[in-house]
Each structure stands twice: as C-alpha cells, then as structure tokens.
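Participant: One-letter residues, chain by chain:
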Amino acid sequence: MSVSLDIRLKKPSKIYREGESVSGIVVISCSSETRHEGVNLTVEGVVNLELSSKCIGQYEAFYNSVKPVQLMLNTFPLCKGSGKFPYGTTEIPFVFNLQGGQTRVLHETYHGVFINIQYFIKVDMKRGLLAKDLDKSCEFIVESSVKSAEKAILKPIDFVIVPESVHKLKSKYNVPNFKITGKLDSLVCSISNPFTGEITIESCEEKIKSIEVQLVRVETCGCADGYSKDATEIQNIQIGDGDVVRKIPIPIYMIFPRLFTCPTLSTANFKLEFEVNISVVFEDNHLVSENFPIYITRF
Amino acid sequence: MVSYKWVAKRRNYKEEEIARRSLRTPNDTLPHPLLSSIYKETNPKIKPISSKKKIALAYADPLSRALEGNDPLSQFVSKDEVEGPELYSPVINQKDSVSQEWLRHRTKILGKFTTSEKLSITSSFLQGGEKLVVKQQINDKIQHRLQQLDEFEEHVSEHKGLSRDDYVSRINQISQELHQAWALDQRVKALKIVIQCSKLLLETHPFAFYPSKFALITDILDNFGRMVFERIAEKGDIRLVDHQLPKYFKSEHVSEAARETCRNWMYKIASVRELLPRIYVEMAVLKSYSFLENTDFSANLIRLSRAIRGVGNPLVAAYARAYLMRVGREQLIQDRSFVIENVRDLFLSYNQLYSNSTRTELTVFRTDLTDYLSLFSPAYDWIFQTLANTGQYDKLDAIWRLSFNQAEPGLLWLSLLSQFPSDFVLSKCLELALHITTTPSTGVSSQQLMVLMGQVLSRNLASSSESKPGKMLNVIWPYLSRKEDAESYLQCIEAWMPYLLRHWRVKEVHVIINDIVHHFRPKAQAHHVSQLHNIVHALIRTDQIDYQSLFTTEPLMGLLDIYPEGQSRAEAAKILLQQFLIDYDRSLSHTLMVDHLLSIARILHDTLNATSVEDEKRQISELAIALIDRVDFGRDFQQMLSFYGDARAAFTNLDPVLAHLVEAINRLSSRTRQLIQEHNERTGHFVRACGAFAYITIPAISCPMIRFRLYLLSSQVALANECLGQADACLEGAINLVTEFSPTEEQWIVANLSNLLSTLLVQPDTPDQNRLHHLRRLLRNARTFSINHTLHRLRSTIYLQAIRLLSAYMQPDYIYHVPNVDSNDRLYLGDDEFRSEAVDYCSQLLTELLNDINQLGSENQYRKQACLCLDVFSLLIESADLNAEPSLSQLAAQLYHLARKHNQWDADYAVRLLAVVRLRSSSSDGEPYRQLASVL
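Residue numbers (numbering that gives the first Met the number 0), protein chains in the order written: chain W, 0 to 298; chain D, 0 to 935.
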C-alpha cells in the first residue's frame, strides 16, 4: 500500500523566466488502488534571510526585518474533492504562468550562505484520517527575462600592484620587491560570460607559489538602521601555479557558477553584491591581494 | 650345402647399348620437381620482397634457386601489407594515425624514462597507505574544520617508497577504480579520481619518471574523456560511429537533457580549484563541447594554451602543452592557430629552463642539467611534430628563426631537427651546423646536436633539398676530426658516416677510416663495438662503394685491427663479408683483394672454438665457401692452387670448407684436363699436386662419410688424370673408412659403396698387391661392418653388387674405360688365373648369399627371405651364364619357388623379373630362359 509522488518538469534545465509558462506532470504511482481527499499544487517563491552567527544578540532588535520574504504563492487544485487513483502510475499534467505579485519582482534564484532565493513547486495529497498526507516538492530556477534585466556594459580597468600600494596588515613583514600589472576586461559582467582579464608578473624578488582569483559574495541583511554584512568565498580559481614566468600575461578566466551567483541585487531588506579578489601568494605564504567589486548582470 | 660354380655371362656391351638405346626417352620437358605448382598461380602483382635479401643469397643453394618467387609464409605477410590499410576509410585512418603515433611515442617514453628511486602517490582512492593530513593555508576556521571533515570521509593516504612497477600497478588500480565508479553511476567520485590523478602531475620528482608518469596518467584522462563523451552521446540518443560523432552532426540535434548534462560537467570542471587539474580535465573532455555548440574547438584550445602560461614548473607546462597538442590533433581541426600560439608561448617561457630557480632545484635533487633537459624531449618532440604536421612552411620558418633568438636553443633544435620535415630541415642544416660548431652551449652539447644532424642528413641522402654538401663537409670534417674524446667522436662519426661516404670520393674515404683508426689506436673499448659496427655497416652499404680500393688498401684492415677483442672483430668481419658477397657479383681475381678478404674471413674463423655453436660454424662456413667460390684467377691454375692452399690454412676448423676445397681442387684438376686434353709433363705435375692437396686435406675432416665421398671423388678425378698412385691411395683411404660409417645411413652406404665398386672396375691392380686387393679389402670391411651393426641386408646387397662387379671383371672388354688408363682387362689379358680367381670369389659369395637365405628361412623371416631370393634370382638371370651352368638355372628356379612359398614376396618385382625372363627367352641364345620360364 505505498504511494509515491513525483514532479517532472518539461524543461530538463528547470530554468524559467518571468512570464513564461511552467509545464510538467505530477506522477503518482500506487502499488494498489488509493483513495485521496484532493491533490493540490503550490508554487512558492521565497527569500530566506539568516543572520550570521557573529551578530546574534546584537541585532535581535530588528528581528522583524529578517523574516522570510515571500515572492509568490499560488495554489492550484489538481484533483478537487475526494477520489481514487487506480493501481499503477497516474500522470496529471499541469501548467501555470510564472508571474510575481503586483508589487513583488521575481528575483533570480540564488543559493548563498545567509540569503537564499528559491522557488518550489509542491504537490500535496490529502488522504483522510487514517493515512498520512503525502507531499513532494521540487525546486525550479528563475532567471530574469530579457526586457526587465540590465545589460552589461564594458567597463575595463587596469591595475598595478607594487609594494607601495599594499596596505600592510602586519608591520613586521618585509614586503619583497615586485611589480604586478594586469587588466580586467570589465567590472560589469554578464553572468553567462566568463570573467576575463590578464595578469602579468613584471618582476618579483620572491618566488611565487600561486596566483588565484577569488569570487566573493557580500550579503547584506537588514534595513537602514541595522544590518549585517558578510563577505564569504564562493569559489577560488587558481590561475597560476608555481613560480610563473615573468613578463608573460597570464589569462584570468573564471566562469560564474550557477545558483551561487546571480545578478547583483539590492532591495529594501537585503542586498547581494559580488567582489573579485586577485591574489598572488608568495613562497613564504604571504599574499598580496587586490579587491575589485563587480557588478553582475543577466545579459 | 651345395656350392655352385659361377659362370659369368659374356656380355657385348656395345650391342646391348644399341639394342636398348631406343628404349630411352629424354624427359627434359618435365618441369623441375621442386618448382611447385602453387607458384604458377600466385598473383603477379605481389613482387618478391627484396628486403629479404639475406646471407642466403651469398651462397645460393642450387635447390632453393628453383623456388622462384617467395615462400608461402612471406606471401601471406606481403598480402597483409597490401590489403591491410585499405580496410579503413581515410578519415578514420587519419585519426587513427594520431593515436597510433601517440601509442608509439608512449611506448618509447615508458621504455626510456624509468627510475630506480622510490616514488610516492597520494590518493584517496587507494587502500592502505599512511594517513595524510593535507595542510592547506586556510584562514577561515570553519572552512578548515569542514576540510577536516572531508578528509575524514575520503581517507587521503600517501603511499611511499613505491618502486616503478608498484607505481604503475597503483595507477592501474586507480584506473579500475575510475571505471568502477563510473559503472556505479558515481560520477562525482569519477571526477574526483581524475582530478586527483591530474594533481599527481604537479609532482615532478623524481624527474626521470615524469614522462612515464605523464603517459600513464593521460591514459586515465583519455579514458575519462571518452566515457563522458559516450555517456552524453548515449543520453542524447546519438549513435556514435566508431567512437566518433556521425558525419553530419550538429549540436542542435542534441536533446536538451543531454546538453544539460554536458553543461553540468563543464560547470563542474570550470570550478575546479587547482589550475593544472582544471586544465587537464578540460582537455580530456574537450570533445564533449561538440554537444553544446558547433565548434571546431580552436577557441577553446587557444584559451587552454594560454592558461598553461600559469603553470610555473617548466616540465609540467611542457607536458601539459604536449597533451593539448595531442587532444587538438585528435580533433582533426583545420584551424591550427592554437598550435602556433602554443609554440610561441613555449618559446616565451623557454629560458625558464636555464633560470636560477631551476638550477637551484636541480642542485637540491642532485640532477644533472643534461639529464633534466632530456626529459623535455618527448614533449617537445610531440609539440613540434604537431607543428610540422600543419605543413605550413612559412610558419615553420618563423619558428625556426625564433629559435635562434633564444640564449640556449640546443634543446629546441634537437626536437626541431628530428621532427620537422626533412626537406625543410635539410636546407637549414648548413647554417645550423655553422652556428653549432662555433657557439658553445650548456645542457645540450653541440655534439648531441651534431649527432642528430648527422642522422637526419644520413637518412635523407637521396634528397635534393640539401644543396651544398661541399660546404657542409668543410664545416663538419674539421669539427669531427678535432674531437678528442673517443666517445663523442665515435657518436658523431657514426651518425655522419653515411653522409660523408655519400659525398666524398674514394680517396677521402681512406682519410676517414684512417682518422677513425687514429682516434682509437691502439684498441677501442668494448662499449664502442656496436657503434664501430654501425660504421662498418655504413662503409659497406653505401651505393658508390669501390670494393676494389676498399679491400686492396690497408685502412680497412686497420679499422678491423682497432676492435678490442676477437668476437666483436669477427662480427665486423662478418658484416663486411656478408654485404660484400651480396653486392659484389663479379668473380674475384685481384690478388691483393683476395688476400685481404681471406684474412677478413680468417678473423671470423679464428673466433671459433670448442664452445662455438653449430649454427655459427655453419654460417661462417657458408661465408667462406661463398668467398672461395667467388675467387677465380682464370687460367692461372697455379695461382688457384696456391689460393686453395691459403684457404685451407685459413679454415682448418671448418669441415664444410675443407670438403668444399677438396671438391674445388678436384674441379681444378678436371678443368686442367679439359683444357689440355693430353697431359704434358708440367700439367702432369700440377694435377699430381692437386691430387696430393686433396689427399692430405681429406683426413682433417671428421665425418667419415664425407671423407669417404671425397676420397672416392678424388680417386676418380686422379684416375681420370692418370695419377694411378694417388687414385690407389685414395681408394685405399676410402675402403678403410667403411667400418667407421654410421649404421643409420644404410641407403647412403649402399649407394656410395656401389659407386666405389663401379670405380674399382677401371682401377687397375697395383703390382705390389694381390689381385683384386681393393675389392677383397672392401668385402672384408663391409662384412665386419655389417656384423658389427647386424646389417644383414646391407651385406647381402654388397655381395650381390660384388658378384656383378666380378662378372664385369671377367668380361674381355670392360663396359667403360678411362682414357689412357689400362684397366684389369688389359693387365690380365689372357690370364686364366685371374678369371678362375674371380669365379672362385663369385662362388664363395653366392654360397654366402644362399646361407643367408637359409638363415632367414630358419628364423621365419619369410618376407626378407623372399626379397633376397628374388634379388639373387635377378642376379642369376642377369649376370650368370645359365647355358654353361645348368645348376645355376635350377638354382634360379628353386629361388623363385622359395620366394613364392610363403606368399610374402614383392609380387610386382617378381612379375617384372618374369617379364625379363620371357624377353630373354625370345632371343637367340634364350634356351635356358625358355626352360626357366616353363618351370616358373
């Protein structure tokens, strides 16, 4: 007497834009004839905000501001009233239009540490008194549509790192002599294109151990009067390994990971920003690093 | 036992000959029995493989000469060669050739780069080993803890102190693990395995093993790439043709689900933290990009090529580039810009090899710079080979020019010289040679380069691209001859030898040889031998060799003299002789040349000792015989004789050669006789000398049968040359050998003894011996021999033949004579005593035979008995005079009945005998035969 529910979306990528219709099927497979008191499908979009552990206590005052933000919530009945599912599998197709509320914009899906923007399709089956209700949920991904999204503009930047420009953290450390130049092709990046640029070690006294590109998210929760801001690493891509050749431009190339990045976002309750750190690690494990705030767009 | 009186039938040989002449039919029209029918059917397209030209040709066996065309086995081989490649379509062939080439390259790498040092491998997918805590510089505490949790799960372990074989088996284990993970749908684990494998390529120590490590690990990567590719294709319902996408494939054909899977792979790989694994894994799965976009990969390849700039270690980077080249080549990309890009990047980072940091690293690991640089060769070779394959000569030229800008371009030149197309390289050699010989270099020595250049030039002697050999020689010869160090000198000269020989005249060849000799005087070391061999090879193999001048002058002998010890010198002598005998098809008449050749052959002979194997002896004998046969001084027979004398002195240990010499000397006597017709005093002495030569040479041969044959031959030749004494001595020698025969060769013995008996007919008795001295001795010896080895059949056959001979002896005019030699018929003309003695012997022999028949009967050996009966019957009807002696006729009838008695006789034989009897009975004196026929 087992019943299982499954949701299958038509698009294998599960990526939908606002205004698109989402279609799929709900598959109910039963090992015997099953009674039910109604099957409903719920579409929900929600932003979960969380305070980082270090600020617990300090910010309990504005607890209100970190409650989840609902972006959309729609419920459609798939089977009204009670009925029976026969033995075997039953497939119920569904289709709905992806549309936010009047005031709410559908933000893009984002999986972060303190902020999560997620969309789910949930199916629940009510089954009277004696049997347990069943439910199944499935995440789908929302991307902003062409007309609403910002376009990337080219904003290249050249940079030079020399010992003088380094803001020393430890005064004792003797900074070796070096000159590092480079350029980034744009600080405004389309999320679907890689982050590119190049870096050249013009000269360096110390042996180099590694050159890395770090993608950092800066998540801000809260309102104007009190907020928590946390920067955490999304990924770290090594572009130089070992004592690289001097005076050769080494390409900077990073693909923005899906889900973990989204276009830069700023709302009343939370903010999502991204930064790139380019760091050169010396043989003695000291590193110099240059920070670049970047603006990510969908297109 | 009744004793029968033998009466020999009177024969008129002339009449018989006339009567029987008509019966003979010449059978020249029949084909050679060894010309087997299969060769007539062979495909005329298949040509005999000329490369199979071996020493066999130096001494052609007359029997194998009949076998025109090739033997059946090599036919199959050549068929395969013809048909094999046609089975594949050209496209696959091209791709195949890349992987084939890589396989060859790989085998070479694995064979060459090994180490005895201990290796270690770090992996989380191997059992056992030490727990290893990966130390990483992570500031964030939480992340550090997470890391520790990860390790807890994965059990990263380090396996230390592995030998090379252990290491290879570990790699195989990882490969199996990968397959297993893949089969169990654990894709993430599979990816992790591959990443970990690529990470192993970061560790370059021990240096000597790195190229092999590369080969092993890229195998795993290749596998992984293929698995991903096939898996996505399967998901996208794309039918692969021989692991390839179909011809008209477009990425739009791929289902969204498959593309999503592919995209997932790519995103996952793009987020790999470390640089090297990321690059390697992406290269491995590069092919799968075709599911996402209609790409020719060139953009990806260029991006990857640039990304390799970030790899700091030059060795790691070089091999990463090589892998990129391979992956790129396998995709059959038209746009080869990535190749150029890659090579340019390589040049930009090239001086890293000579940087201080590399030097420090080498000092730490106590590695020589030369050894270190040699590790780059396989990678560079592959890279430049790929570049050469693009076939754009202007690009090659640009790269070639660029190489001159480098401070230490030696290593680059090594690969450029060996990998660029020869017609490109040849035109550049002169310039390069000038550069190399004048500029000092470190790491890669000028000598290494010159050796390689020599090899390249020597391989392409026929090419016309290299235009100024004269200038080249002017550059190269001073460089070569100035070299002091024997080792490097030898290497260079070995490589350059074919080139030098090609472009220099005969006189200068002597200069080369003298120079070589000068460098190694007095003796070369044992490890120089193989290279010296190559030089000798080159020397004798060149097209325009003047054998006359080579073999008549001293330098060559000097070259042989500097060989360190006997065996290796013999090897060189063998090379010289073999090639000479193949190439030099005229006969030899130049005394000095013959002399030198003989002494070269003698070197070979002198290495033989008690432990030499039979085959080696056989080979040397064949060479010596071929040489002896080649010598011909025309009508200067005296000279021939003295040459044979020298040859005998030179090859005392080789029985086949001695036997051959005896035959040759006999031929010489016969030729003399043929020319002179009638011997005068001078020729008489000469043939006597020849006979004496033969007579004293034969005893040195160990096999009694060969000795017997040669004695017999010599006696016949001596007899023909009217040297009665020598003929007698030789016969004596032959007869003495009968008891030493090998009892297993019964057929041979019968044939040769019969031959001897026929010779005895013309050999006159010597005055100081008894009548028929030789025959009696022979019979005695044969009897002893047959008793010793219980060969009754042999004895009876000899007796039968002896009776036949004796019957022939009794004729008034013998069936054949030797000109100018009086045989016994003349000696004993009218001597009744001789006749009665002969009759007496016949009767004794017949009695013996009858005894034998009785004996066989009593032993119930009826088949043998019947056989012998018929033989004696045949003897009787053929040789005995049945008219004169009716008892013999009765005996014949009895024998016939006895033979038939037990019905175990050879009926066909009997029928034929009967036919003879009937035939005889029809002739004029056929009365006894008629009677006999009526009885039977």
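Some hints here could point you the wrong way.
[To be verified] For lysine to aspartate or glutamate, the following EDC-like pairs were computed, each having C-alpha atoms within a straight-line distance of at most 20 Å:
id : chain 1 : residue 1 : chain 2 : residue 2
1  : W       : 10        : D       : 370
2  : W       : 246       : D       : 344
3  : W       : 182       : W       : 90
4  : D       : 8         : D       : 553
5  : W       : 10        : D       : 360
6  : D       : 111       : D       : 218
7  : W       : 10        : D       : 926
8  : W       : 9         : D       : 839
9  : D       : 522       : D       : 545
10 : W       : 10        : D       : 292
11 : W       : 206       : D       : 202
12 : D       : 863       : D       : 847
13 : W       : 10        : D       : 839
14 : W       : 13        : D       : 164
15 : W       : 13        : D       : 340
16 : D       : 4         : D       : 553
17 : W       : 246       : D       : 218
18 : W       : 121       : W       : 274
19 : D       : 267       : W       : 282
20 : W       : 13        : D       : 218
21 : W       : 9         : D       : 824
22 : W       : 9         : D       : 255
23 : W       : 206       : D       : 360
24 : W       : 10        : D       : 847
Hints in this document: simulated from the structure, not taken from any laboratory.
Participant: Against this structure, judge whether each hint is valid.
Facilitator: Comparing the hints with the structure gives:
Restraint check: the Cα-Cα separation between residue 10 of chain W and residue 370 of chain D comes to about 58 Å, which exceeds 20 Å; the hinted pair is violated. This hinted pair checks out: residue 246 of chain W and residue 344 of chain D have alpha carbons roughly 12 Å apart, not beyond 20 Å. Restraint check for residue 182 of chain W and residue 90 of chain W: not satisfied, since their Cα atoms lie roughly 55 Å apart, outside the 20 Å limit. As the CA atoms of residue 8 of chain D and residue 553 of chain D are separated by approximately 70 Å, the hinted pair breaks the 20 Å bound.
Between residue 10 of chain W and residue 360 of chain D, the direct Cα distance comes to roughly 55 Å. Violation of the 20 Å bound is thereby established for this hinted pair. A C-alpha spacing of about 18 Å is found between residue 111 of chain D and residue 218 of chain D, which places the hinted pair at or below 20 Å, so the restraint holds. At most 20 Å may separate the alpha-carbon atoms for a hinted pair to count; residue 10 of chain W and residue 926 of chain D exceed this at roughly 121 Å. Distance hint between residue 9 of chain W and residue 839 of chain D is unfulfilled; the C-alpha atoms sit about 123 Å from each other, more than 20 Å.
Among the hinted pairs, residue 522 of chain D with residue 545 of chain D is inconsistent with the structure: their alpha-carbon atoms are about 27 Å apart, more than 20 Å. The suggested pairing of residue 10 of chain W with residue 292 of chain D holds, with an alpha-carbon distance near 19 Å, which does not exceed 20 Å. For the hint linking residue 206 of chain W to residue 202 of chain D, the alpha-carbon distance of about 17 Å falls within 20 Å, and the restraint holds. Annotation: proposed proximity of residue 863 of chain D to residue 847 of chain D holds, straight-line Cα distance about 16 Å (limit 20 Å).
This hinted pair does not check out: residue 10 of chain W and residue 839 of chain D have alpha carbons roughly 122 Å apart, beyond 20 Å. About 49 Å separates the Cα atoms of residue 13 of chain W and residue 164 of chain D, which puts this hinted pair outside 20 Å; it is violated. With a C-alpha separation of about 39 Å, the suggested pairing of residue 13 of chain W with residue 340 of chain D is violated against the 20 Å cut-off. With a CA separation close to 75 Å, the supplied pair residue 4 of chain D and residue 553 of chain D exceeds the 20 Å bound.
At roughly 34 Å between alpha-carbon atoms, residue 246 of chain W and residue 218 of chain D are farther apart than 20 Å, so this suggested pair is violated. A distance of roughly 35 Å separates the Cα atoms of residue 121 of chain W and residue 274 of chain W; the hinted pair therefore is violated under the 20 Å criterion. Proximity of residue 267 of chain D to residue 282 of chain W is assessed by CA-CA distance (about 29 Å); at most 20 Å being required, the pair is judged violated. Annotation: proposed proximity of residue 13 of chain W to residue 218 of chain D is violated, straight-line Cα distance about 36 Å (limit 20 Å).
Distance restraint check for residue 9 of chain W and residue 824 of chain D: the Cα-Cα separation of roughly 122 Å exceeds the 20 Å cut-off, and the hinted pair is therefore not satisfied. Annotation: proposed proximity of residue 9 of chain W to residue 255 of chain D holds, straight-line Cα distance about 10 Å (limit 20 Å). Of the pairs offered as hints, the one joining residue 206 of chain W and residue 360 of chain D holds, with about 12 Å between alpha carbons and a cut-off of 20 Å not exceeded. For a cut-off of 20 Å, the pair hint linking residue 10 of chain W to residue 847 of chain D is broken: about 113 Å separates their Cα positions.
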